[in-house]
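We have chain S already, so just place chain X on it with the hints.
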Amino acid sequence: MNGEPIIEISGLTKAFSGKTVVDHVDMTVSRGEIVGFLGPNGSGKTTTIRMICGLLKPDSGDGTCLGYDIRTEADRIKLEVGYMTQRFSFYEDLTIRENLDFVARLYGLTPRGDYVDSTLGQLGLTNRRNQLAGTLSGGWKQRLALAACVMHKPQLLLLDEPTAGVDPKARREFWDEIHELAGNGLTVLVSTHYMDEAERCHRIVYIAYGQVVARGTVPEVIADSGLHTFVVKGQSGAALARRLRERPGVDQVASFGNDLHVVGTDERLLEQAVREVIAGTGARAEPDETSLEDVFIRLMGQTADNFDGNGGTEARP
Amino acid sequence: MNAIPNAATPLAGRRRVRLRSFSWSRVMAVMVKETIQMRRDRLTFAMIIGVPILQLVLFGFAINTDPKRLPTAVIIADNGPVGRAIVTGMQVSDYFAVAPEPMGEAAARQMLARGDLNYIVTIPVGFERKLVRHERPQLLVEADATDPAATANALGSLNEIVRSAISHETTGPLASLSPGGLPVDVIVHRLYNPEGITAYNIVPGLLGTILTMTTILMTALALTREVERGTIENLMAMPARPYEIMIGKIVPYIGFGFVQVAVILVAAAVLFAVPMKGPMWLLLTVTLLFIAANVTLGYTFSTIARNQMQAMQMTFFFFLPSILLSGFMFPFRGMPDWAQVIGQVIPLTHYLRVVRGVMLKGGGVPEVANNVWPLLVFWAAVAGIALVRYRRTLD
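Residue numbers (the numbering used here), protein chains in the order written: chain S, 1 to 317; chain X, 1001 to 1395.
Treat the hints as calculated values from the structure; they're not laboratory data.
A quick note: this is a predicted structure, and the numbers were derived from the prediction, not measured.
Honestly, I wouldn't trust all of these hints.
Short, incomplete list of chain X residues facing chain S, as computed with Cβ under 7 Å [what the hints assert, rightly or not]: (1) M1236; (2) A1237; (3) A1240.
Here a beta-carbon is modelled for each residue, glycine too, at the ideal position from N, C-alpha and C.
The following block holds chain X by itself, in its conformation from the complex:
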């Protein structure tokens, strides 16, 4: 106390302080403070490093706007050399990954409906014979055209593949077949979206994307808001159990998600005339599961994040691969295997298949079942993490 210096300088004798309109020192003060705060916030710092790396890897390696090796089944009813050459040509072209096992027509069609196949190529009975007789045999290609972008290039390359396969096999006595035009008719059936309307693909996809973004974000803020405002201490001191709080916080956002679903489905029907071929109840049931998985993930984020800013960053960090790797923006089958594996974990991937399957392909329970259980597993896993992460005490 007695160390206080004698600060009382008479006012009259005081040097007048210069009032500067700009001071580097003041700018520096703010800059230094800001840098320190940024460095203290570990998660933000990790994002600054992580987001560019994630983007680079995803855009650079995983995304392929010219998808190759799309799964294809060939139904060979006429096992001649030209037919085999065409199959080999397709494989060599890299656009088609032809299933090694020959497969029945019914099985192949079911796989196409489930989205496990992109193409079925049928070489009909008597193909070879008709070819030799100059009768222009038909080669039938059925394509899953729900995503027009995924099929365009592959189909475009098909004529060239067939031409070169035939010219290879028709040397010697059959050489007269190859010159000029193609001696076969390549018939392409664009299934589920014959006119290749992009909106048919995008609008159902947006349903999943919008739900992912909004529901995760809303719930991610739910608990961090309590932490940030200090209300969590009160909440913990009162007799509510973690799962009660979790359910109570999640259910309203599920309702919120369904309002969005209603808006998007009405817009899809009215503005974009997207067909609704399958059962509505099935779509809504899977949607409930999808929203539940998302809000639970959001809640899990909010048990980990320490403030709302971090919760938003985590949401964004999850959202980015969701739109890039789920098959929403780019064809799923066109991605390298490792990216497809990551994509399989993302709920949006499975939900998109269900939405497209039900709305565009008219799929029922058997067609979508394969994409329902991954959603269930995901949901159970994140709910488990949330309950473990939720701290019962302030420790």
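The following block holds chain S by itself, in its conformation from the complex:
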């Protein structure tokens, strides 16, 4: 974890037509780390990643990627970074092999045939090499994209929501692959919405409305949140949830099947509220571990309030 820094950015800021999308983001990623980059839609994850690999120029702030300046040495960064875009952006009217061949030529990999063949083999794409990329299912497209961005043996992998729309089995295999690559010294920054994926990262950085609001290992982030959780089992319908929400000390109520997760910051107040509401309903309540998702929903709510308070244009009732 304390290897040399691969990504070091500070104060990175970017606005599009007056709207600040990334707001003074600092981040350090060391060699061999898998860092999860989390945040709601439109929080600035993609923009940050694009600035790191030189696809966007920051308005202010600076940083290095693999020791190169992200403002002036984008050409060098591109040679040693594998960037997997959020949307599948290889050529659907080329076959898998032709796509990889194209990438191999762009990076000047020789002998080209060997690179392409071994990449096909490693990712289990050999049998499908002559299939048009456009006819592949989501999982296979994702494998192709990953294959294409690791073929030139990059030092750093930037993955922008790589598993969106991919089934659980393919996701698990994908993550095994990522850990395998990281074990060999590759550094990975991966953005995701999935909490289970966040838990497979060494460290996470959570960004909301362009600002980093939490960072650390998953247990650290949960502990730092200061949240407490009760699970209500049994008679836990929508009416019960509504009544719980109205109580002081209850911040969030979420349904999970027949269970309700009730979350609050003040443990004593929370327990009191839960006990009073379920009294006489036949439901049972017990303390449980706070999940990462609860933490994030809480963080999102907090940042939204700050955001609106700091000159947001939304009318408040």
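Chain X in isolation, oriented as in the chain S frame:
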């Protein structure tokens, strides 16, 4: 969440929804959506306004199927009053723009070959004397007949001009010359296309027109397709430089253009028997330059257009003046000066002159050189714009 209304109406008590086969509301929904989308697409909107204006201006003012003021040189070997009257008559008729400076025969012929002149009128030695002696002198008119349509009306008016010039000058003692038939022989040499075969003009012209249309369109789609499909982000994240991408995208279409050239040239020779008088290598070299200029322009379009539809519209917007103002459809010299100035910018104008010059007139390097450098300038300019316009980042 607790604001969700109680939507559960028992199925039995529900009012049955009327199923209409036609609904104005649904039509309106599509109409409103379509109008909004059309308005959002600024370029399309500009085209809706721009194309009719462009067409009106071009057709209304620039195009003249009865071309006037065609550049003419007069070689006066006999400077008598009748000769001068004929020259004045030609000028007054508006069909001929006679060069003010007298010019040598060799120089005039070279200009005709280059396409800078449409006519050379020669008043031979002893014209006046022969006229007085009733010896029917000859008046020689050499016309560039590569475009038969451009010369027909002017030549038709020539006899009348000569007749009235003579009748003006032959009052008094010479009045006996004017009655009845024309006392001179007006000899017309239709150079380069003596039989006035339209195909000789059209087929080489089509070579340029088809190349303009297809090569610009193909390359205009090249980059916008990447933008539209999202592959551009990947391309930019990989270590390719703008000029590498530009060259890589342009060269295949140059090859594509040459396939078309081969097809058209074979068809021109086999189906239309269009002569190939000049050197083939020269034609192919200039063709390479012309195609290169066009595909680069197409590439420039694709750096500006945001989607393939816009790229196609831009191509069309360029193609329209190209065929109308280049001298392909209508005689170049017959257009007003401002239209000729615009026409000079268009690559097709210069290419047409080269193709006709080489194929029909047998021109060599000196004859076509004047039309090669404008192509080079055009090419360099659009390539520069493309490289500036190509964004290295997604900003």
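(message) Of the numbered hints stated earlier in the document, which are not met by this structure?
(response) Every hint satisfied by this model.
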